[in-house]
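Below, each chain spelled out in residue letters.
Protein chains: 2
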Amino acid sequence: MHQSPVQEPPLALLFDVFGTCVDWRSGIVRDGEALGLRLGLRGVDWAAFADAWRARYQPQLDTVRSGTRAWTTLDVLHREALEDVLDQFRIDIDSADRDALTLAWHRLDPWPDTCEGLTRLKRRFVIAPNSNAHIALLVDIARWARLPWDVVLGAEIAHAYKPDPEVYLRSVEALRLDPSQVMMVAAHNGDLLAAARCGLRTAFVPRPTEHGPGQTTDLRPEHEVDLVVTNFVELAEALGA
Amino acid sequence: MHQSPVQEPPLALLFDVFGTCVDWRSGIVRDGEALGLRLGLRGVDWAAFADAWRARYQPQLDTVRSGTRAWTTLDVLHREALEDVLDQFRIDIDSADRDALTLAWHRLDPWPDTCEGLTRLKRRFVIAPNSNAHIALLVDIARWARLPWDVVLGAEIAHAYKPDPEVYLRSVEALRLDPSQVMMVAAHNGDLLAAARCGLRTAFVPRPTEHGPGQTTDLRPEHEVDLVVTNFVELAEALGA
Chain A
1339 MHQSPVQEPP LALLFDVFGT CVDWRSGIVR DGEALGLRLG LRGVDWAAFA
1389 DAWRARYQPQ LDTVRSGTRA WTTLDVLHRE ALEDVLDQFR IDIDSADRDA
1439 LTLAWHRLDP WPDTCEGLTR LKRRFVIAPN SNAHIALLVD IARWARLPWD
1489 VVLGAEIAHA YKPDPEVYLR SVEALRLDPS QVMMVAAHNG DLLAAARCGL
1539 RTAFVPRPTE HGPGQTTDLR PEHEVDLVVT NFVELAEALG A
Chain B
1339 MHQSPVQEPP LALLFDVFGT CVDWRSGIVR DGEALGLRLG LRGVDWAAFA
1389 DAWRARYQPQ LDTVRSGTRA WTTLDVLHRE ALEDVLDQFR IDIDSADRDA
1439 LTLAWHRLDP WPDTCEGLTR LKRRFVIAPN SNAHIALLVD IARWARLPWD
1489 VVLGAEIAHA YKPDPEVYLR SVEALRLDPS QVMMVAAHNG DLLAAARCGL
1539 RTAFVPRPTE HGPGQTTDLR PEHEVDLVVT NFVELAEALG A
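Residue numbers (my numbering), protein chains in the order written: chain A, 1339 to 1579; chain B, 1339 to 1579.
Hint data in this document are derived by calculation from the structure and do not stem from the laboratory.
There could be a bad hint or two in this list.
To be verified - Partial chain A-side listing against chain B, Cβ under 7 Å, derived: (1) P1450; (2) V1464; (3) I1473; (4) D1488; (5) V1489; (6) V1490; (7) L1513.
What the hints assert, rightly or not - Estimated spans, in silico, between C-beta atoms of each pair: (8) A/E1454 - B/T1555: 25 to 33 Å; (9) B/R1407 - A/R1417: 39 to 47 Å; (10) A/E1454 - B/I1431: 27 to 35 Å; (11) A/P1503 - B/R1445: 55 to 63 Å; (12) B/R1484 - A/E1454: 15 to 23 Å; (13) A/T1554 - B/R1484: 40 to 48 Å; (14) B/T1554 - A/T1406: 23 to 31 Å; (15) B/A1438 - A/Q1396: 56 to 64 Å; (16) A/G1405 - B/G1552: 33 to 41 Å; (17) A/D1389 - B/E1572: 45 to 53 Å; (18) B/R1407 - A/P1546: 51 to 59 Å.
We treat Cβ as the ideally placed atom computed from N, Cα and C, and that holds for glycine.
Just need the whole structure built from these sequences, with the hints factored in.
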């Protein structure tokens, strides 16, 4: 809950992506609404649809974390979860439209401060996503949202999902740095707690509308972090970039 | 030796880096000369030194390719080879200077057309290095030479060295593409031959001074390739980017 004094700046910054860099909820709503308009679907609450889709995410990852299922890409998991969500909302669309809607996760807009902050941070630090998404999905999001990554790291390299320590440690290893030279940036307490336990430094950036206007979780840090800032531009300021 | 007609453009381009994107020889000469000036080393032919250093590269990789040695980073291989080269040139410098000189491989300048070509190509295609260098080295070169990669792929992901097919196939897999949707760009016939055998498309970009003014190898394609261009800007033109 408290903030430790800032020491030497890190050499590299790792970023959570869904929620921290990009606004997944609005992106899914936008593509859902466009699909609804095209197909004449009426009365669908696409925000509730997006929340229901995302709600299946952590239970899906748990099947891999527990070893029940082999590591797989989020494209596969998103597509599987979509089947359930469509049933729940009593929406029937054909297979091509299901495939297309799954790709909504590749077209997510950044938060207003994301690109300016990353561009400034990149001048001084190596910046990379450390996400549960696979490489191809992160590349598409980066190209869509203009996220100027130096390198794409994360779950695919480790064949594990956060908060498994392997994801943090393999990303740090790929940079040939010590964990203490790397800072994890995220809007999620669980992500930062796991990173800190691996020896990384941590920055909490709240994204208070990630889950919509009524969000009650991850509004503030719940564990010791090295930095708390309100957005990526403030993060650049705080780190002298 | 002949060029097949260009079909559909690819979706992603993979690039060899040493020699194809950056001029390693001039970079090593520059840092060698600076070191010589600082330490008062006289009469060193730094171009010959650079060539001797690079000449140890393929035999070193062969020890990994043959399974004699576990996969390792070029930082380790460059540092080991440096010991031999310093002996050969009867140069004695301390360990800190040896470490510093090894990092010359992280500070290599692009060819004059590299950045403009890559920037144009990135508008239309996913672009990534597919090099024998490890990720951290490729990140440093990209930041030094301003190479705007979408993602860093190559030997470290495969834990193999080109021309082992694994390097090409794992890079293609990371992009979730088919080999036929990916084009390998290189100044080296061996690299392109191996890529073509994996089903990738190929573009030959000669770098006739990579090995200095008297270069006799890799001046032209020696196998069938999809494209031959003289530089990366021409490559962008040829691919409509």
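Is the interface hint for A/V1490 satisfied, with its Cβ closer than 7 Å to some Cβ of chain B?
At about 4 Å, which falls below the 7 Å cut-off, the nearest Cβ of chain B leaves the hint on A/V1490 intact, so it holds.
Would the hint on A/L1513 be counted as holding, given a Cβ-Cβ threshold of 7 Å to chain B?
Result: holds, 5 Å to nearest chain B Cβ.
Status of the given 40 to 48 Å range, CB of B/R1484 versus CB of A/T1554:
holds (44 Å)
Taking the Cβ atom of B/A1438 and the Cβ atom of A/Q1396, is their distance within the range 56 to 64 Å?
violated (47 Å)
Is the interface hint satisfied for A/V1489? The criterion is a beta-carbon contact with chain B at less than 7 Å.
holds (4 Å)
Can you verify the interface hint for A/P1450: is its Cβ closer than 7 Å to any Cβ in chain B?
Where the cut-off is 7 Å and the nearest Cβ of chain B is about 23 Å from A/P1450, the hint is violated.
B/G1552 and A/G1405 - C-beta distance against the hinted 33 to 41 Å
Cβ of A/G1405 to Cβ of B/G1552: about 58 Å, so the range 33 to 41 Å is violated.
Could you tell me whether the CB distance from B/R1407 to A/R1417 stays inside 39 to 47 Å?
holds (42 Å)
Whether the CB-CB distance between A/P1503 and B/R1445 falls inside 55 to 63 Å:
For A/P1503 and B/R1445 the Cβ distance comes to about 33 Å; the hint is violated.
Beta-carbon spacing of A/E1454 to B/T1555 - inside the hinted bounds 25 to 33 Å or not
This hint is violated: roughly 46 Å between Cβ atoms.
Would you settle whether the hint for A/D1488 is holds or violated, based on the nearest Cβ-Cβ distance to chain B being less than 7 Å?
holds (5 Å)
B/R1407 and A/P1546, beta-carbon distance inside 51 to 59 Å?
holds (52 Å)
Taken one by one, the earlier hints fail for this structure at numbers 1, 8, 10, 11, 14, 15 and 16, listed in ascending order.
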